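*Asks:* Here the protein sequences line up with chains X and U, keeping their order.
The numbering of the first sequence is my numbering, which starts it at 4 and goes up by one.
The numbering of the second sequence is my numbering, which starts it at 4 and goes up by one.
It should be emphasised that the hints constitute simulated quantities derived from the structure, not laboratory data.
These numbers were taken from a predicted model, which means no experiment stands behind them.
Where is the CB? At the ideal position from N, CA and C, for every residue including glycine.
A couple of the hints might just be wrong.
As a list, the in silico DSS-like pairs of lysine-lysine whose alpha-carbon atoms are at most 27 Å apart [claimed, not checked]:
no., chain 1, residue 1, chain 2, residue 2
1, U, Lys267, X, Lys267
2, X, Lys267, U, Lys183
3, X, Lys284, U, Lys183
Derived coverage of chain U by chain X (criterion: at least 3 residues anywhere in the stretch with Cβ under 8 Å from a Cβ of chain X; other residues may be distant) [as the list claims (entries may be wrong)]:
no., segment
4, 44-50
5, 157-168
Protein chains: 2
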Amino acid sequence: MKQVNIGIIGYGTVGSAVGEVIRKNRQAILAASGVNLEVRKVCDLRKKKTFYPFTQNPYEIIKDPEISIVVEAIGGVNPALRYILEALKNGKHVVTSNKEVIAKHLSEILEVAQRSKVQVLFEGAVGGGIPILHALRQNLVGNRLSEVYGIVNGTTNYILSKMTEEGLEFSEALAKAKAKGYAEADPKMDIEGYDAAFKAAILAMVAFRAKVDWKKIYREGITKITFEDIKYASEIGYVVKLLAIVKRMENQLEVRVHPALVPKSHPLAAVSENFNAIYVKGYPVGELMFYGPGAGGNPTASAIISDIIAVASGSAEIFSGPLKSFPVQEVEEIKSRYYVRLQAPDRFGVLAGIAKVFAEKKVSIAAVTQKETVGNVATIVILLHEVQEKNLKAALEIIRGLPVVHRISNVIRIL
Amino acid sequence: MKQVNIGIIGYGTVGSAVGEVIRKNRQAILAASGVNLEVRKVCDLRKKKTFYPFTQNPYEIIKDPEISIVVEAIGGVNPALRYILEALKNGKHVVTSNKEVIAKHLSEILEVAQRSKVQVLFEGAVGGGIPILHALRQNLVGNRLSEVYGIVNGTTNYILSKMTEEGLEFSEALAKAKAKGYAEADPKMDIEGYDAAFKAAILAMVAFRAKVDWKKIYREGITKITFEDIKYASEIGYVVKLLAIVKRMENQLEVRVHPALVPKSHPLAAVSENFNAIYVKGYPVGELMFYGPGAGGNPTASAIISDIIAVASGSAEIFSGPLKSFPVQEVEEIKSRYYVRLQAPDRFGVLAGIAKVFAEKKVSIAAVTQKETVGNVATIVILLHEVQEKNLKAALEIIRGLPVVHRISNVIRIL
Numbered sequence: 004m005k006q007v008n009i010g011i012i013g014y015g016t017v018g019s020a021v022g023e024v025i026r027k028n029r030q031a032i033l034a035a036s037g038v039n040l041e042v043r044k045v046c047d048l049r050k051k052k053t054f055y056p057f058t059q060n061p062y063e064i065i066k067d068p069e070i071s072i073v074v075e076a077i078g079g080v081n082p083a084l085r086y087i088l089e090a091l092k093n094g095k096h097v098v099t100s101n102k103e104v105i106a107k108h109l110s111e112i113l114e115v116a117q118r119s120k121v122q123v124l125f126e127g128a129v130g131g132g133i134p135i136l137h138a139l140r141q142n143l144v145g146n147r148l149s150e151v152y153g154i155v156n157g158t159t160n161y162i163l164s165k166m167t168e169e170g171l172e173f174s175e176a177l178a179k180a181k182a183k184g185y186a187e188a189d190p191k192m193d194i195e196g197y198d199a200a201f202k203a204a205i206l207a208m209v210a211f212r213a214k215v216d217w218k219k220i221y222r223e224g225i226t227k228i229t230f231e232d233i234k235y236a237s238e239i240g241y242v243v244k245l246l247a248i249v250k251r252m253e254n255q256l257e258v259r260v261h262p263a264l265v266p267k268s269h270p271l272a273a274v275s276e277n278f279n280a281i282y283v284k285g286y287p288v289g290e291l292m293f294y295g296p297g298a299g300g301n302p303t304a305s306a307i308i309s310d311i312i313a314v315a316s317g318s319a320e321i322f323s324g325p326l327k328s329f330p331v332q333e334v335e336e337i338k339s340r341y342y343v344r345l346q347a348p349d350r351f352g353v354l355a356g357i358a359k360v361f362a363e364k365k366v367s368i369a370a371v372t373q374k375e376t377v378g379n380v381a382t383i384v385i386l387l388h389e390v391q392e393k394n395l396k397a398a399l400e401i402i403r404g405l406p407v408v409h410r411i412s413n414v415i416r417i418l
Numbered sequence: 004m005k006q007v008n009i010g011i012i013g014y015g016t017v018g019s020a021v022g023e024v025i026r027k028n029r030q031a032i033l034a035a036s037g038v039n040l041e042v043r044k045v046c047d048l049r050k051k052k053t054f055y056p057f058t059q060n061p062y063e064i065i066k067d068p069e070i071s072i073v074v075e076a077i078g079g080v081n082p083a084l085r086y087i088l089e090a091l092k093n094g095k096h097v098v099t100s101n102k103e104v105i106a107k108h109l110s111e112i113l114e115v116a117q118r119s120k121v122q123v124l125f126e127g128a129v130g131g132g133i134p135i136l137h138a139l140r141q142n143l144v145g146n147r148l149s150e151v152y153g154i155v156n157g158t159t160n161y162i163l164s165k166m167t168e169e170g171l172e173f174s175e176a177l178a179k180a181k182a183k184g185y186a187e188a189d190p191k192m193d194i195e196g197y198d199a200a201f202k203a204a205i206l207a208m209v210a211f212r213a214k215v216d217w218k219k220i221y222r223e224g225i226t227k228i229t230f231e232d233i234k235y236a237s238e239i240g241y242v243v244k245l246l247a248i249v250k251r252m253e254n255q256l257e258v259r260v261h262p263a264l265v266p267k268s269h270p271l272a273a274v275s276e277n278f279n280a281i282y283v284k285g286y287p288v289g290e291l292m293f294y295g296p297g298a299g300g301n302p303t304a305s306a307i308i309s310d311i312i313a314v315a316s317g318s319a320e321i322f323s324g325p326l327k328s329f330p331v332q333e334v335e336e337i338k339s340r341y342y343v344r345l346q347a348p349d350r351f352g353v354l355a356g357i358a359k360v361f362a363e364k365k366v367s368i369a370a371v372t373q374k375e376t377v378g379n380v381a382t383i384v385i386l387l388h389e390v391q392e393k394n395l396k397a398a399l400e401i402i403r404g405l406p407v408v409h410r411i412s413n414v415i416r417i418l
């Protein structure tokens, strides 16, 4: 039996779940791991009722010589980054599920950790209770990964699921997500794709040891998705999901976040409600998918405790060596298939005009369907074969100016 | 950099995949883990062409002082068990994906390993390339698991998928599986559920540290499943899957293998072809699912190499301590919901007679549908609420004897 003392900084949803789960499962954890976890102190700015010794001063944890592992559960960059760095400098291992601080500052954090010969683990930062980072780092160590992509934001998946299942528009589904507590009062971080971009950056860093500037990640949220798009997508065998995508190309990475049409036969298509799932492709393993709850106190506590035990039992490999700088491919260069919905007068020659522009710009059409006509205006849905984004943009620019086209209503990538 | 020499005993599909993947991915593995893997020798009874030094004598590997990890890739119990035990006694760690030897002899193998202070890992034994055992042992260490169940046999999943998608009968789908190389000439181990029972035993041992006698596992294959059952199940929102189920009850375990109706909304329902998926429930994580290729040389090699690296880098926890004896609940005591299909004359009073028997035996009916009538014979599908197996059996015994019932065509559990 090994006694390990921890301190928890930030005692909100996640921090208190960690404390509570350790209290309830301590015997089971000890039996399974040989580690006797003791929560020595918990800290929060605001006074909290807790089973454990409580402080409002984080340095009582950071400087406590009896604490060997600090759990950072504040969230956000400041003051979380400062506490993480000071804990590391004080020789403490750090476990966190803070996606923002890891996405933005992992390189610096790793550097300090290595100098102090301690570890930083952050399994809970992507996919909540899903052990995806551990899988990428340890269980797939024999593989050359080519792609890691998936549904990493529960809020937007809930919204898209409700739109799909109940025929809601975006704003109605968002209201529902807020009522359920799945979306925050200011939902921007989720619906505009920032949260997913942080996670995409972390997946890229862990899967490919790539130093990725999160600001360079192409990011598109779900606010433009309408029920009409979801309905047409469904008719041709697709569901709409917000994906974080990391792909290894020859000497660069594709890292991007955007909505995509996912074939109904793809395992990601069945991931509904606020669940997350990450799909991994590599040689020799082929294809794997990891599915589970992407957020919430309890699932995240599961990830944090496994990190704590990994550090405590010495079974965590140090995530070592500097991250390699890996250029992120410009979105203009990325190739994808596309769904385009546009509105045009319902008259002879319209399609011919559009098709001509696509042909001139070497954009190849896979299928065209004329959908409902209201008044004299027809909705046309066009599926495109793989095309480089810049060629598509050039074609759409011209099409937008055609007198026979009223408007391009939406353009969505196809997985 | 750490140099680690391995030997591979058994150079068929799995063994040669391990050799080949190490040859191709050695640099990537070294970069990710700091371990330089060298395949020092490979062994097979039959001469094989290989890139590595070859022997037909396994003791050239078992007794080689320069080899620290032995990969056993022979399969079956004999002589694999002998080689595993002798390698352990010679101070070598052992990595294997041999489900049969692990299901039948894990206790003995662990005992010898502990005496010799070496490790045995067997990630590839369940779910092929899916890192499920690692997840159960390390990533979910903070959890109290309640259920682990899933699709662990690719052959039967392929057969059931083809029956469902193409309207085939069992024998036709089996022929297709044989033609594809997914089913062996003698398919008994797969279609009668033996393979799944081995994996159920291993899941029970790893998830609950339970010593499970695999012979006590209730086991039912898929040979009785007809397209008619699949069709009726689909009409009421279910798919038919062969499941391995491990559930923790108060002081005992349920461990069983049988076909089951799975709701189409359950993540397991979307697992088709020869893929595997394992679903895990526990506190605090909630629900997770791990999906991937359940067999084949390359996926299994991915699992074996991650085990090798875990041992080599010291990040594998020793799967230590004796397994606890855990009584396996008698199948008679297990509660489940059921689907019952029977044939009866299409006349007044038949349903009343059947319903009366169920009521007397305290078996509660959830729904009854009369399906097609051929001649004067009607097919009746009955869905039952949760009932203890022994009560159901008693009721069915009486119903079978009713003059108004021609035959009970099938009885399938509902997940």
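*Asks:* So, for every hint listed, does it hold in this structure?
*Replies:* For each hint, the structure was consulted:
1. Between Lys267(U) and Lys267(X), the direct Cα distance comes to roughly 13 Å. Compliance with the 27 Å bound is thereby established for this hinted pair.
2. The hinted pair formed by Lys267(X) and Lys183(U) meets the criterion: a straight-line CA distance of about 24 Å does not exceed 27 Å.
3. Among the hinted pairs, Lys284(X) with Lys183(U) is consistent with the structure: their alpha-carbon atoms are about 23 Å apart, no more than 27 Å.
4. Judged by the Cβ-Cβ criterion of 8 Å, the segment 44-50 of chain U is not covered by chain X as claimed, because only 0 of its residues qualify and three are needed.
5. Judged by the Cβ-Cβ criterion of 8 Å, the segment 157-168 of chain U is not covered by chain X as claimed, because only 0 of its residues qualify and three are needed.
Taken one by one, the earlier hints fail for this structure at numbers 4 and 5, listed in ascending order.
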